[in-house]
Structure formats: C-alpha cells, structure tokens
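Student: Take a look at the letters that make up each chain.
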Amino acid sequence: MNKQLGFFIDAKRCIGCFTCAMACKNLYHQELGVIWRYVYDLKTEVYPHRERAFYSLACNHCENPTCSNVCPVKAYYKRAKDGIVVHEQDKCIGCGNCIRSCPYGAPRHNPVLRKAEKCSFCWERIDSGLKPACVLSCPVDALELIDLSTYENPNVVQYPQGFPRYTKLNPSVRFRVAETPTIIRRKRL
Amino acid sequence: MNSMELPLVAFTILSQAAIGMVIISSVRQYAVEGPTGNIRAEWIVAALILMCGIAASFLHLGHPLGAVNVIKHIGTAWLSREAVGVSLVLMLMIIGFATIDQKVKPALAAGTALMGVLAIFFTGMTYAPPGYPALNNILPFVFFLLTAATLGTAISSYFSPKEKMPLLTLILGAGLLVALTVYLIVPFIWFSAGTVMQQTAVEYLSSPLYWLRIVIGLAIPLGTLIMTRTIPVWVPVLILTGEIIGRIAFFSLTLHASTNIGGI
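As they're listed, the protein sequences go chains B and C.
Take the first sequence: its letter number 151 is residue 151 in this note's numbering, and every next letter is one higher.
Take the second sequence: its letter number 241 is residue 241 in this note's numbering, and every next letter is one higher.
With the rest of the complex left out, here is chain B:
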C-alpha cells in the first residue's frame, strides 16, 4: 500500500471541546457557516450514558474519493505521495456535485465564492513537516495523524456506530471507540 495519511480519532479521550474545529477556523478563516471540521456528539441510541462521546470529523481523504470521481471539471486530485485529497478551488465551477455526493458531508458550499471547499489536511503544513492545525491543537491528544500504510493497532475500528459505512470509498480514518463510563457508587456506611 502507498503512503496514505489519515486521522486517528480517539473517542475515548475526546471531551468535545471543539478546539480542533476552532483551530481549523482560525487558520483558514472560512466564511460564516462554512465548516471544514465539526465535532459530532453521539446520539443516546449509540452512546446511552450521561457522560457524552464525540467524533471530530472533517474530510476523510478516502482511498477512492467520490468527490474526485464525480467532479466534472477535475477540481479534485489525490496526491500520490501521501493520499491527501486536494480541492483546487480555482477550477471549481460551483456545481455542488461533490457536496451532494460525499456521504460524510465534507465538501461545503462557500456562499461568497459560490464554490465548494473542504478540509485540505493542512497539506502546506504537512509539506513543511508540521502537523495539521486540528491535530496540533487537541488538548487531550484525541486527534492524531497516522499513515495507514504502516499503522497497526488492534484496538481501532474504521466504521464505529454513528459513522456512515461506505466501504467503496474506504475513508482514511480510524477510531478508538468510546467506552462505557465507570460508575462509582458510594458504599452506604
């Protein structure tokens, strides 16, 4: 397998603080309402505990990206050297086909530019040897940058409950699922 960068999301550690989403917003200054990274909380059917659990999600830089496949003007390409899916906004004509097609809702409509845009994996930072802003900012190390061509961890899953399962796309993301919280009861004296 060629090098394929991806996100490791540790739902056991994530506290839902939105720092990753804010770091992305601070770096790229997206228009109002345009979100590249969002912290989704798991609904009670999936995680039925008073303590909540979260998935911090952006573009998954899929092995077979549907956004790239459906784009009629070839505004997307996948970098051979690390698998990052890049959106070239100057080529985009704003047809919205990628927005409709991605089941993870990663490409978003920019109402000012009237074009699509999405998480770039901070490829400029990656090329400079830096971590993506979201990974760097996480205060609890719940978000990590991984290379799926060498990554081995028996305790991770690709499609946990609450994350849409699209095997044809093969999203470059792995999760450690949230665990049942420890309930401590005081003994009656």
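Hint data in this document are derived by calculation from the structure and do not stem from the laboratory.
Watch out, some of these pointers could steer you wrong.
According to the in silico footprint, chain C covers these stretches of chain B (three or more CB under 8 Å from chain C) [what the hints assert, rightly or not]:
| id | stretch |
| --- | --- |
| 1 | 40–47 |
| 2 | 69–75 |
| 3 | 88–100 |
| 4 | 165–171 |
In silico PhoX-like cross-links for lysine-lysine, where the CA-CA straight-line distance does not exceed 25 Å [as the list claims (entries may be wrong)]:
| id | chain 1 | residue 1 | chain 2 | residue 2 |
| --- | --- | --- | --- | --- |
| 5 | C | K72 | C | K162 |
| 6 | C | K72 | B | K74 |
| 7 | C | K72 | B | K168 |
| 8 | B | K3 | B | K168 |
| 9 | B | K131 | B | K78 |
| 10 | B | K91 | B | K81 |
| 11 | C | K72 | B | K78 |
| 12 | B | K91 | C | K72 |
| 13 | B | K81 | B | K131 |
Glycine residues also receive a C-beta, built at the ideal position from the N, C-alpha and C atoms.
Since chain B is already given, all that's left is putting chain C on it; use the hints.
Tutor: Relative to the frame of chain B, chain C by itself:
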C-alpha cells in the same frame, strides 16, 4: 437535498419532457400506420424546450461561464456524461428538424430516441450519489424515465392527429398508472432500509408536496383519461404542475447521509 434547487427542477423536467416528446413522435411516425401530425413543429418545440432546460441548468452553477469545462471528466463523472449526452440529443433534434421531409429520417428518429434514453440514464446516475442513500440506486433513472413517458406524451398530444389520440391516451394512461404505483410504493420500501432512508420515507409521506404531486400530477390526470378516453388540452398542464411539485419534493425532501452522523 435541503433546498428546492429550482434551476435543476427546471433543467431535469424540461430535458425529460423534450426527450419524451421526440420518442413519442418517433413512435407515431414509424410504429403505427396513419398520419403523423405536425412533426416539424413538434421537433422544433422539443428542441426549444431542451434549450430552455439547458439554459436553466447554467443558473445552478456558481460560475456559469465555466460550464464548458464540465465535459473534462467524462471518464468517471456522470455529470460530464450527462452534459455530453444532453448536448448530443439537442444536436440530433436540430438535425432531425432541419432534415424533416414528411417524416424524420427513420435512423435519425431512432438514434435521437435512443440517445435521449441514454441521456436520461446519465441524468439519473448524476442524481444517484452515495450522499443520498435513498437515491443511491436506479430510482432517479426510473423517476426521470417516467417523467419523459408521461409529460413527453402529454405535450406530444398537442401535435398529434386525432387518429393517433387513442394510441397516445393508451401510452399516457399506462405511464401514469406505472408512475402512480411506483411513487406510492417507493417510500414504503425505504422504510425497510437504514435510518437515513427511513427518515427520508417519513419526510416524503408527511409532506404535502408529495401528496400534491400524487393527486395533481398522477391521480387526477389518470382519472380524467379513464373518464374521457382522450387527452383534454388542460391535462398536460396538470401533469407539468405535478412534475414541478414532485421534483421540488425530490430535491428538498431527500435526506443526506451526513445528517445522521452520530446516530444509528
């Protein structure tokens, strides 16, 4: 798809109506004996309707001047294939109109009809993306083909001689019956699938748009055809109204997979 997408409503309905018209026109000319009707007017009107649809599709783009670039990714993008397919149909319609001599040349009529069905298939695949589980299948093609069959036949009745009206009434009646059955069954099939498809089913069945489309666009026209045994001049208008309402429902009520992230 969260918004009404009116330019796409106009584009899909008009292109499918125009393709349906030339298919029915070809059937009238060659599949049965008798007068063919005003073929010349029918083909130019179909071409004009298709041109209006294509013009409407440009309004959907954030940057319409870049529309010519949509043919760049024909290898994998259904939208690129759709653009090429619809353009070819328009070209064939114009050639058909320009070369009409009593009838459109048989090979050209058949070729236009076949290319038309292919273009509808391309459009169907364009609107069957993974992001919409309820539509990520053959359904959009079926919906669009039914629009071509019903609306195309209905508009074609304006150009048909009286001798051919029983044939058109039969075709339209059958099309409306199949469409009514499909549209009534589909939401209930969605109930048997995943959460997002189930939610889409609820959106459809609880929406007045869905029921208006059933009543105005399908049930009343079908009832009228059964009662009158012909196609009254106002029926195509009713079917067009139903198609517009139904297509707005198609774009605005279908739920995206990402709406349920974090859920079952």
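Student: Now tell me if each hint is right for this structure.
Tutor: Against the structure, the hints:
1. 40–47: holds (count 6)
2. 69–75: holds (count 6)
3. 88–100: With 9 residues in contact (Cβ-Cβ under 8 Å with chain C), the coverage given for the stretch 88–100 of chain B holds.
4. 165–171: holds (count 3)
5. C:K72 to C:K162: Given pair K72 of chain C, K162 of chain C is violated - Cα atoms ~46 Å apart, limit 25 Å.
6. C:K72 to B:K74: holds (7 Å)
7. C:K72 to B:K168: Holds. K72 of chain C to K168 of chain B sits at ~23 Å (cutoff 25 Å).
8. B:K3 to B:K168: holds (19 Å)
9. B:K131 to B:K78: Cα-Cα ~19 Å, so holds.
10. B:K91 to B:K81: With Cα atoms ~22 Å apart, K91 of chain B and K81 of chain B stay inside 25 Å; holds.
11. C:K72 to B:K78: The given pair, whose Cα atoms are some 17 Å apart, holds under the 25 Å limit.
12. B:K91 to C:K72: Holds - the C-alpha atoms of K72 of chain C and K91 of chain B are around 11 Å apart, at most 25 Å.
13. B:K81 to B:K131: Holds, because 16 Å separates the two Cα atoms, which is no more than 25 Å.
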